[in-house]
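Mapping of the sequence shown onto full-length UniProt numbering: position 318 corresponds to residue 318, and the numbering continues sequentially without gaps.
Hints may be right or wrong, so weigh each one.
Claimed, not checked - Straight-line Cα separation of at most 25 Å, DSS-like style, residue types lysine-lysine; simulated pairs:
no., residue 1, residue 2
1, K392, K439
2, K344, K375
3, K281, K72
4, K38, K281
5, K441, K392
6, K38, K72
7, K470, K344
8, K198, K281
9, K281, K245
Unchecked claim - Restraint-style ranges between C-beta atoms, simulated for each label pair:
no., residue 1, residue 2, range
10, I228, E206, 53 to 63 Å
11, K281, L230, 29 to 39 Å
12, M363, D328, 32 to 42 Å
13, S69, I228, 53 to 63 Å
14, I228, T424, 46 to 56 Å
15, N384, E479, 16 to 26 Å
16, T364, Q268, 54 to 64 Å
17, F361, D264, 28 to 38 Å
18, R50, S154, 35 to 45 Å
19, I17, S109, 51 to 61 Å
20, E206, S59, 28 to 38 Å
21, S109, N18, 28 to 38 Å
22, E142, R50, 16 to 26 Å
23, H148, S109, 20 to 30 Å
None of these hints come from the bench; they were simulated from the model. Just so you know, even glycine gets a beta-carbon here, dropped at the ideal spot from N, CA and C.
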Amino acid sequence: MAISLVLLLTYFVFSEINHHRYQQHLAEQLSGTLYLIKQGIERQKDTADRERWLELVASLMNVSLSVSSPSKVPNQINISLQQNEQNRYRVSYPINAQQQLDLTLNGVSEHLVTGTAFLLLNELGLYPAQQRQMIFQSISSEFNYPIHRVSSDSQVLDSEQLERLTRGEMVIIWQTEFDSSLSFDVFAPWGNSQDLLKLGTINVFEQYPTWLLVSGFAAVLVALALLILLILRLIVNRLTYIQHKVDAIEPELIEATKMPEHLDVINQLTWKIDQMALRIKRLIAQKHQMFRAVSHDLRTPLSKAQFRLEALSQIGVDNTLVEQTKADMNQLNLLIGDLLSYEKISESERITKETLELNHFIMTIVDGMTIVFPKVKFSFEAQNFCVAAINKQLFTRMLENLLNNAARFAESSVVVALSSNDTTTVLDIIDDGPGVDEKSKAHIFEPFYQQDQSRSANCSGYGLGLAIVKQIVSQHAGEIELMATSQGAHFRIRLPNQAEGEES
Numbered sequence: 001m002a003i004s005l006v007l008l009l010t011y012f013v014f015s016e017i018n019h020h021r022y023q024q025h026l027a028e029q030l031s032g033t034l035y036l037i038k039q040g041i042e043r044q045k046d047t048a049d050r051e052r053w054l055e056l057v058a059s060l061m062n063v064s065l066s067v068s069s070p071s072k073v074p075n076q077i078n079i080s081l082q083q084n085e086q087n088r089y090r091v092s093y094p095i096n097a098q099q100q101l102d103l104t105l106n107g108v109s110e111h112l113v114t115g116t117a118f119l120l121l122n123e124l125g126l127y128p129a130q131q132r133q134m135i136f137q138s139i140s141s142e143f144n145y146p147i148h149r150v151s152s153d154s155q156v157l158d159s160e161q162l163e164r165l166t167r168g169e170m171v172i173i174w175q176t177e178f179d180s181s182l183s184f185d186v187f188a189p190w191g192n193s194q195d196l197l198k199l200g201t202i203n204v205f206e207q208y209p210t211w212l213l214v215s216g217f218a219a220v221l222v223a224l225a226l227l228i229l230l231i232l233r234l235i236v237n238r239l240t241y242i243q244h245k246v247d248a249i250e251p252e253l254i255e256a257t258k259m260p261e262h263l264d265v266i267n268q269l270t271w272k273i274d275q276m277a278l279r280i281k282r283l284i285a286q287k288h289q290m291f292r293a294v295s296h297d298l299r300t301p302l303s304k305a306q307f308r309l310e311a312l313s314q315i316g317v318d319n320t321l322v323e324q325t326k327a328d329m330n331q332l333n334l335l336i337g338d339l340l341s342y343e344k345i346s347e348s349e350r351i352t353k354e355t356l357e358l359n360h361f362i363m364t365i366v367d368g369m370t371i372v373f374p375k376v377k378f379s380f381e382a383q384n385f386c387v388a389a390i391n392k393q394l395f396t397r398m399l400e401n402l403l404n405n406a407a408r409f410a411e412s413s414v415v416v417a418l419s420s421n422d423t424t425t426v427l428d429i430i431d432d433g434p435g436v437d438e439k440s441k442a443h444i445f446e447p448f449y450q451q452d453q454s455r456s457a458n459c460s461g462y463g464l465g466l467a468i469v470k471q472i473v474s475q476h477a478g479e480i481e482l483m484a485t486s487q488g489a490h491f492r493i494r495l496p497n498q499a500e501g502e503e504s
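I would like the entire structure built from these sequences, with the hints used as guidance.
Have a look at this one:
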C-alpha cells in the first residue's frame, strides 16, 4: 500500500513537472506565430474581414482561432490545459488593452510551423524590397527559435527537396537520433530569388524519460526507508530506555519469571510493564502486611509496659514520672491505632453507603466534642435540610478528626456549617487558631507531615489525622480543600448527595 502510494505520488510529481515544462516550451515556440497573427488582425479594416482572415489562418495551421474581450486581458502569453479535451491547450495572447487572441491547439505541429512561415513571408511582402531586411530583423526578435534568410546552395538539400521548393512548396527536414525525432528545420522559397527562409532548428519537446521516473521513485523509496529506519531507531531507543527504567524497580524480582523468547521490542516492553505491575501490587501488599504486623506486635509490649507502670504506682514509685510515662504510652497507642486505621482505610476499594439525614447526625457529633474540649465553643449552622450517601462509621471518624484538629488549635471557637444544593453537600469546619502557613498548605494532607511551629507549637500529633480524613473523603467520591482565610483554618468538604449507581 505504501509503495503504491509512493509510486502514484512520484508519477503525479513527474507528470506535473512535464506539464509545466511543456507549457513553457509551447509559449516559446508560439511567440513568433502569435505576433504575426496579431499583426494580421490589426491590419483588418472591419470585423467581417477579421473573421474571414482568422478562418483562413486557422485552416492553414489546423488550430482554432478567435478574438475575445475578457474583463482582464493578460499582459503576456497565458497557456492552460483544456479540462474537457485531452491534450488540448488554450493559449491567450494580448492584442490590445481590451482584446485578446484565443488559440486552441494540440501542440506544435508541421501545419503550425509551415503556417507561420507563410504568415512571415506574407508580412514581408507587404513592404517595399528595400525595407524587408529591416522588417525581417524586427520580426526575428519575436521568435524564440532561429529564423534566417539563407542561400539554397549553402544548405544540404537533395534534388527532390530543391524541386519542391522551386514549385513554391515548403520542406521540413527532421533530425533524428536513436530513431527519435529531436528537432527539425523548415525551408520556404523567398519570393523569386534563389534564397530560402529557414525556420529552425526547432527542438521537439522531450518529456523526462522513464528511467528518470524509475530513478526518482527509487530515490523516494530509499529516502522514505531511511526516514522510517531513523524513526524506528528513535522509538526503539525510547522503548529500551523505558525498559531499563522498569527493570530498575526491584530488578531482583525479574528472575522469578523468565521473559518469553522471540518477542519484539513492543511486546518486550508490554511484558515488562505487566511484570512491573505485579511487582508493585506485591510491594503494596507487603507494605500493608508489614504495617499490620508491626502495629499489632507493638501493642503487646506496650500493654505489658502499661501494666507494670500501674504496679509501680501502687508500690509508691514517683507518681509524676509514672504519669508522664503513661501519657507517652497512650500517645504510642494512639499512633498505632491511627496507623492501623490509615492502612485499613487505604486498603478498602469500595465502602458501603447509606442515604442519611446529616443535620441531626452532625449536630450529635459536634455536641459530643464539647465534653472533650470544654474550653472551646462549638457551634453548628445548617442552611437547609441536607441528605447525603455516607458510611456512618467512616464519616464519624472523618468529622471527629477534623473537629479534634480544629479544637486543638482554636483560640476559643470552632464553627461547623452545613449546606447543600441539588447535587452536592458542603461541610465547612472553621477555627479561630493561628491558621496554616503557605508552605504547609500543599502538604497538609500528606501522612506524617508536620507543619511549622506557628500552628503546632503547643499541640502534639503524628500527621495522620488529616491523611485519614483525605482518604475517607476520597472513598465518598468527595473533595476536601483548605480554604484561604485571614485568620484560623477553614476546611471545606464537598460530597455528592447520591451514592454511585443511584438514580435521581
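Status of the hints after comparison with the structure:
The suggested pairing of K392 with K439 is violated, with an alpha-carbon distance near 34 Å, which exceeds 25 Å. Between K344 and K375 the CA atoms are separated by roughly 33 Å; this puts the pair beyond 25 Å, and the hint is violated. About 77 Å separates the Cα atoms of K281 and K72, which puts this hinted pair outside 25 Å; it is violated. Distance restraint check for K38 and K281: the Cα-Cα separation of roughly 90 Å exceeds the 25 Å cut-off, and the hinted pair is therefore not satisfied.
A hinted pair counts as satisfied when its Cα atoms are at most 25 Å apart, and K441 with K392 does not qualify at roughly 28 Å. Proximity of K38 to K72 is assessed by CA-CA distance (about 18 Å); at most 25 Å being required, the pair is judged to hold. The straight-line distance between the Cα atoms of K470 and K344 is roughly 14 Å, inside the 25 Å bound, and the hint therefore holds. As the CA atoms of K198 and K281 are separated by approximately 94 Å, the hinted pair breaks the 25 Å bound.
Between K281 and K245 the CA atoms are separated by roughly 17 Å; this keeps the pair inside 25 Å, and the hint holds. One distance hint, 53 to 63 Å for the beta-carbon pair I228 and E206, is violated here, with the actual separation near 35 Å. Here the CB-CB span from K281 to L230 is close to 38 Å, well matched to the stated 29 to 39 Å. A C-beta distance of roughly 35 Å is found between M363 and D328, which places it inside the suggested range of 32 to 42 Å.
Remark: the range hint 53 to 63 Å for S69 to I228 is upheld by a beta-carbon distance near 56 Å. Taking 46 to 56 Å as the suggested C-beta distance range, the pair I228 and T424 conforms, at roughly 53 Å. Distance hint check for N384 and E479: the Cβ-Cβ separation is about 20 Å, which falls inside the suggested range of 16 to 26 Å. The hint said 54 to 64 Å for the Cβ distance between T364 and Q268, and at roughly 59 Å that hint holds.
Distance hint check for F361 and D264: the Cβ-Cβ separation is about 59 Å, which falls outside the suggested range of 28 to 38 Å. At about 39 Å, the CB distance of R50 to S154 agrees with the hint of 35 to 45 Å. For I17 and S109, the hinted distance range of 51 to 61 Å is not satisfied, since their beta carbons lie about 23 Å from each other. Between E206 and S59, the C-beta spacing of about 30 Å keeps the proposed range 28 to 38 Å intact.
Between S109 and N18 the CB atoms are about 19 Å apart, so this pair departs from the stated range of 28 to 38 Å. A hinted range of 16 to 26 Å for the beta carbons of E142 and R50 is consistent with their spacing of about 21 Å. Checked against the hint of 20 to 30 Å, the pair H148 and S109 passes, with Cβ atoms roughly 22 Å apart.
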